[in-house]
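K.L.:
What follows is each chain in one-letter form.
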Amino acid sequence: MARSTDVRLPVRSPVAGLRRRRLSFLEVLAQSVSALAPSAAMVVVPSIVLVRSGSATLPAFVAATALVLLVGWCLTQFGRRMAAVGGTYSYTAKGLGPVGALVGGWALLVGYAAVAMSALVGSAIYLAGLLGLDPSPPVVAGLGTGLGVLATLFAIRGIQLSARIALALEVVSIALVLVVLGVLLLAPRGAPGTAAPVVDAPVHWGTVAVGVVLGVTAFMGFESAATLGVEARKPLVAVPRAVLWTPAVAGVLFFAAAAAQVVLLRAAPLDVLTSQVPVAELADRDGLGLLRRLLDLGIAASFFACVTGSTNALGRVLFSMAREGVLPAWLGRTHPRFETPHRALALVLPAVVGVPVVALALGAGPRAVLTGALTVSAFGYVLAYVLACLAMPLFLRRIGELTAVPLVGGLLAAGAGVLGLAAAMAGASLWGGQAMTVVFLAALLPGVAWALWLRWRAPERLRAVGVYDQATASSVLPGTVPAEPV
Amino acid sequence: MTPGIDRGLTGRQPKAVQSALAILEVVARAGAGVTAKEVAEELALPPATTYRLLNLLVGEDYLVRLPDLHGFALGRKVAGLTGVSGPVPLSTAAREVVAELRGRVRAGVHLVLYTPTTLRCADVDPDHPLQAPELVERHLHASSAGKLLLAEQPDWQESLHPSRLHRVTARTVVRAAELDDELREIRRRGCAAQSGQLHEDVACVAVPVRSPAGVLVAAVLVSVRGPDPVAPVAYVEVVEEFARRLGPLLG
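Protein chains in written order, with the numbering used here: chain A, 1 to 486; chain B, 1 to 251.
Because the hints were derived from the structure by calculation, they are not lab data.
Built from N, CA and C at the ideal position, the CB exists for glycine as well.
Don't take every hint at face value.
[Claimed, not checked] Chain A is faced by these chain B residues, among others (derived, beta-carbon under 7 Å): (1) Ala32; (2) Ala36; (3) Leu45; (4) Pro47; (5) Thr49; (6) Pro67; (7) Ala73; (8) Arg76; (9) Val78; (10) Pro154; (11) Arg167; (12) Ala213.
I would like the entire structure built from these sequences, with the hints used as guidance.
P.N.:
Shown next as structure tokens:
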């Protein structure tokens, strides 16, 4: 066997500076789970799917879970081979090259940023409800600013701290949601209500498809553990596991929550089903005001955990881009004591807080900001996932490890993603309609323009795209691979 | 972690273990840069199985993917499999540098050699011998040479489980978080010092010797018996000069 002898290993990892190998598997899982915000989605998404899909709701959730698991599996093909800090952005670079990666990376940034904005507003709305305040735009803007600053401080102080807080918040909020659903199921129910015809509407292919698209949006952010390649213990084991476990666990929770809501809402009046949070509405009508408070607490906590999770991931993607030279180098510095990308995280704060505050000041309702930003984020995520799934077989072929199963899996996942994206962008099914498609495309434009400009004027700055925590001189058996001259 | 139910090795597990070991052999024999496809061909294993086993071995740090992502090399953990046995060979040139340093410093001067995960006292000062070289080699969290090695690990808890942070003296660091802080300080300062953590009345400082490529290969250890905890730190500057000379001789 002929060996290429020109391999040289660097002394330092290109993404050095983050706190290495400190996060346990649970903390890595917490990152993905918090970015997904399962308890908020458990309460909000099933009723929305029910209105559109009727009795296709449960099959739609099963199909959505399967689809997300397929995407997750595609991402693990990268995750088992490279410890990335830029998540799917770094993955995409290894298959589609720098321009494809930057488009996917920018879409991912839009996804993380928009979901952080949405969750920030959501957390503020439910916190206001909890405090007995009217969730008017000024109240939401004020609370949101405070929560945004708090989340950023946690993120800068350390990924371990924010992961633990997020995990605790998620466990508590999922438990609260399950308790509330359980109590409501145990309460006596009358005959089928006026919502029953909607809940039991017959299954059509169209209603299943809409349900799947909506259901998939509930999983967005499940891959964000892929930004912890440096900080996780055994990253090549822990990250892929978290990327698969998160949608699996979330899928089970969503299915349970959807099944419970099918039973509950069948007996409810139609105006409950079409209200913003039907479960809370049901609790109110049953005279269970305390349950409603608990639910508000759970949702506010889940949304807040989502803000920290998305901010962490967003900061790390920016950090990766700065280390590559695509963005200014000062964004790639890390805090000497906390060992977090503090500058990138601090840059994120004004955007995540500022955009919703401006939108509220311009007269948008808090709920409209919440759902609109969520729609924009879903577009961003799905585009990033599609590009990463397309990149996967190309990546495996490049390193000579392509077999039939990943080829089929990658094409299938990317194809399904493209179809879903096209359907959603046509404005058929998501909140905010086609206006949000325009917002998303406008948000995506600077990234695409930047990528093309770099390609045209400064291609050397694209050479490093795709940095990851690669092998260094001290990671191999001494004497087996020479090191780069210092 | 709770112990799982012991079902023994079942089904194709024995075959998988054998294949994994055979893969390690192939990578060792072929040298750094061997590709997954070449490994599969060499062992006549199905490609998908080979890729999966390679990913498992890389995940556990026994193998490393080279920066191009398609070549493999043996990982640092493999060094731990061979252990350290027999007298450590040390070149005359290196011994002479250490002897010269002993003439300059009124304290015990020792040379410690590192593998990626272990250390070995290779040249102990005959005039001021270490009280117990085996304690230095065993209690990595308590000796300065051990702390220096731990500070170099991507995850020190893989080499030294937190449950093995034994209290050797009353001052030994036994909490993982405290050791974390110490290791961070060591990385910042570039050398490790401790006093009274291994023996009540001994303070020592370990100055790293790095190969020209920057890999930690050895340390010069200065030990001082007495009540002054910072006495050996005064020697750091002169020791660093000798450590720079030792670098090319040892790595």
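K.L.:
Now, for every hint given, state plainly whether the structure supports it.
P.N.:
Here's how the hints hold up against the structure:
1. Ala32: 4 Å, holds
2. Ala36: 5 Å, holds
3. Leu45: 13 Å, violated
4. Pro47: 6 Å, holds
5. Thr49: 10 Å, violated
6. Pro67: At 5 Å from the nearest chain A Cβ, Pro67 (chain B) passes the 7 Å test, so the hint holds.
7. Ala73: 5 Å, holds
8. Arg76: 6 Å, holds
9. Val78: At 5 Å from the nearest chain A Cβ, Val78 (chain B) passes the 7 Å test, so the hint holds.
10. Pro154: Since the shortest Cβ distance to chain A is 5 Å, the answer is holds.
11. Arg167: 24 Å, violated
12. Ala213: 3 Å, holds
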